[in-house]
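Asks: Listed below, chain by chain, are the residues.
There are 2 protein chains.
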Amino acid sequence: MNYPGGLKKQFQNNLNHGNRGMVLEDDLNITNEYYRNNDIAIIYKKPTPITINHVNYPSRKDAVITEAHFKIPSTTDYNGVYKGKYIDFEAKETRSKTCFPLSNIHPHQINHLQQIIKHGGIGFIIVRFTTLNKTFLLMADDLLEFIKLNKRKSIPYNYFAQYGKIIKESWSPRLDYLKVLEGD
Amino acid sequence: MNYPGGLKKQFQNNLNHGNRGMVLEDDLNITNEYYRNNDIAIIYKKPTPITINHVNYPSRKDAVITEAHFKIPSTTDYNGVYKGKYIDFEAKETRSKTCFPLSNIHPHQINHLQQIIKHGGIGFIIVRFTTLNKTFLLMADDLLEFIKLNKRKSIPYNYFAQYGKIIKESWSPRLDYLKVLEGD
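In order, the protein sequences belong to chains S and G. Under this note's numbering, think of the first position of the first sequence as 4, with each following residue one higher. Under this note's numbering, think of the first position of the second sequence as 4, with each following residue one higher.
Simulated from the structure, these hints should not be mistaken for laboratory data. Watch out, some of these pointers could steer you wrong.
Copies of the same chain are indistinguishable here, so a pair counts whether it falls within one copy or spans any two.
[Stated by the list, open to error] Heads up, simulated PhoX-like pairs for lysine-lysine below, C-alpha to C-alpha not over 20 Å straight-line:
1. Lys74 to Lys64
2. Lys48 to Lys154
3. Lys64 to Lys100
4. Lys95 to Lys137
5. Lys168 to Lys95
6. Lys137 to Lys151
7. Lys86 to Lys74
8. Lys49 to Lys64
9. Lys121 to Lys74
10. Lys137 to Lys171
11. Lys156 to Lys49
12. Lys156 to Lys182
13. Lys74 to Lys182
14. Lys100 to Lys156
These figures come from a predicted structure and were not determined experimentally.
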């Protein structure tokens, strides 16, 4: 949803594929709600960053934004606190069966994850291969290591299989990524 | 900027008083940029939460939001990481010389700060008395204690003077609230 350029494509994907593009985001929002309601962690998705150009006031109490544009995000979409620790991650889906295109993550966001680790936070990405129905958590240091050592524009599925951790789907919590984070 | 109801008032205040309503936000954004550039902390203001009702696509690459509404925020405006710790705060200005009206902070945000403390994060509010030209940091536990013990709809200036800490303004960093946080 966040990229000015990718937005139309995502909207079209959603229309063409039964709103599939939003499933991971919904799963994470439901999971974060579970974490909050069960006193496990306080983690939220940030609002979509926009630039507001024009606001109308049809009545004293109402404000309607009539012109705004999507901004390229400087940070990741999700952050919060878990056992006193700062948690920060980005979540993306791909329909590819073989790799995750790095064009899905903006360079600002990769740099942001690097900064988070440097300052003692816990950073990672959650990537879902929708066609394979597999969701991985990959720690930011493994992501950064791949980018440092490779000039490839996508991360092979095998890299996730080797260095990432599978997040299994269940009824509740839907996508227990904090359990996976604690895993080893 | 965040409250649907308070928005028009804030816009008018800005027009009437030389954009004074935005000064604290600007000071904090500049300070956070200083913290990032000098490797002190990674703290950002969250985007304003909105509900998007309609998007137009005047060209293949462009997406223009043509109808959106402001949402009541569920969290505070600022969060991030400082020395591995989760930092979370809300910042508000008042023109009153005697008190800070609690109507400036939404109940969701007060509840959010309570949750943050419970999970080991560092929560606080930054309040500027613009007419007195004084800016205070008040820890969330002192804020919650006041609300618990008092049925008043505003916090007296003296409460900030007694339990809060003054944040002095300087050239750079503009408003060194992390130094004040470390203060004692």
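Asks: All the hints need checking, so say for each whether the structure fits it.
Replies: For each hint, the structure was consulted:
1. Lys74 to Lys64: Classified as between: cross-chain Cα gap 13 Å, same-chain 27 Å, threshold 20 Å.
2. Lys48 to Lys154: For Lys48 and Lys154, the Cα distance exceeds 20 Å both inside one copy (30 Å) and across copies (33 Å).
3. Lys64 to Lys100: Intra 50 Å, inter 27 Å, cutoff 20 Å: neither.
4. Lys95 to Lys137: Close inside one copy (12 Å), not across copies (44 Å); limit 20 Å.
5. Lys168 to Lys95: Within one copy only: 15 Å inside a chain, 42 Å across chains, cut-off 20 Å.
6. Lys137 to Lys151: Neither: 25 Å inside a copy, 47 Å across copies.
7. Lys86 to Lys74: Cα proximity of Lys86 and Lys74: none, with 32 Å in one copy and 29 Å across.
8. Lys49 to Lys64: Neither: 25 Å inside a chain and 24 Å across chains, both beyond 20 Å.
9. Lys121 to Lys74: neither (26 Å within a copy, 33 Å between copies)
10. Lys137 to Lys171: For Lys137 and Lys171, only the intra-copy Cα distance (8 Å) is at most 20 Å; the inter-copy one is 51 Å.
11. Lys156 to Lys49: Classified as neither: same-chain Cα gap 27 Å, cross-chain 30 Å, threshold 20 Å.
12. Lys156 to Lys182: neither (30 Å within a copy, 42 Å between copies)
13. Lys74 to Lys182: neither (33 Å within a copy, 32 Å between copies)
14. Lys100 to Lys156: The answer is within: 15 Å in one copy meets 20 Å, while 57 Å across copies does not.
Checked against the numbered hints given earlier, this structure breaks hints 2, 3, 6, 7, 8, 9, 11, 12, 13; the rest are met.
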